[in-house]
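Participant: Chain by chain, the residues run as shown.
There are 2 protein chains.
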Amino acid sequence: MSKGIEFYFDFGSPAAYLASTQLPRIAAAAGAELIYKPVLLGGIFQATGNVSPVTVPAKGRYMMIDLQRYAARYGVPLVFNPQFPINTLQLMRCAIGAQLSQPARFPALVEALYHAMFGQGRNLGDPAVLGPILTEAGFDAAAIVAGGTDPVVKDRLKQETEAAVKRGLFGVPAMFGDGAMFFGQDRLDFVREALGRL
Amino acid sequence: MSKGIEFYFDFGSPAAYLASTQLPRIAAAAGAELIYKPVLLGGIFQATGNVSPVTVPAKGRYMMIDLQRYAARYGVPLVFNPQFPINTLQLMRCAIGAQLSQPARFPALVEALYHAMFGQGRNLGDPAVLGPILTEAGFDAAAIVAGGTDPVVKDRLKQETEAAVKRGLFGVPAMFGDGAMFFGQDRLDFVREALGRL
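Protein sequence lines, in the order shown, are assigned to chains A and B. Counting along the first sequence from 1, when you hit position 32 you're at 32 in our numbering, and nothing is skipped either side. Counting along the second sequence from 1, when you hit position 37 you're at 37 in our numbering, and nothing is skipped either side.
Be aware that a few hints might be false.
You can't tell identical chains apart in this list, so a pair holds if it fits in one copy or across any two.
[Stated by the list, open to error] With a straight-line Cα cutoff of 30 Å, these simulated DSSO-like cross-link-like pairs (lysine-lysine) come out: (1) K154 with K166; (2) K166 with K3; (3) K158 with K37; (4) K59 with K154; (5) K37 with K59.
Hints are computed from structural coordinates only; laboratory data are not their basis.
Produce the complete structure using the sequences and hints provided.
Facilitator: As structure tokens, this is what we get:
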């Protein structure tokens, strides 16, 4: 396919989860490839000076209501994970490793992990929880967890995160299409318009 | 009218400007009253610990692009005021005074001042600029500027801002309708839906 939409995400972001539930359909409708870009949100925050909205209590409370409104609009479940905040470093490394080793199955992996995290509220920061989720979804859990410890994979996540910051990211989800960046699960209509122009 | 939508704003917010260009039509279409709520954004930030998006440079750069996209969608001009940041304390006091003394003409005043600030990029923080803008728009400039110095008016702005924080505001624009808060000029579709339910 000649046109694509890049989707920057971290499994720790409920907004990126919401975007992940909509983007496959948006890309397919536009005949565009959905290009998954796993990055470390904590690294982006550190590099840009940005912080999570929940650091401002009033904003954090509103954000939960706002995301539930969108979940209802999209018709998808949204459980605020009681385990939060979860350090997603190992998880994002596993994602990078899985994307490199089995790119064709990566969209299914993203869907399974996001569903477990925000559709069911399971603690993906705990390897004892992550393993069975991967197995249930039909993946080789041991291989994916081991893949996350590969120095090449670790370095790749670092590089991808640094490149994202250079590109202008200050959080996730962020989408690139038609040469432009769109930030937030609430900008999917602009993504749709950008794909329509290609 | 029995149903209303409350619109919290400060003249320093370009996002609130964009909302101000759309809300009168949204309220009218729903047969709802648009209730203007002038507040001091700086006071809300101070009380909640929130900060302007421009404090994170990457976020500030994106925000300008994002707001221009919405301005294009709405078909309204948007000039990033070269005078920024403007201290809006005097301006918001004048707004409170004008709202108290001539409530029926207040929507026209809001429109004129927002247009000067973000449609034309004029420096409303400078009394020498503000005066002629008020006169051009058909208001008694001297009376409005004098009104902003009234202790009752000053106290009212403080009270309104504190009450807004108690209500959950962490920034502007914020709208209340059907008992719910909606934050941001990008949530006007939810405002429309809330008015539809009333």
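Participant: Hints numbered earlier in the text: which of these fail when held up against the supplied structure?
Facilitator: none
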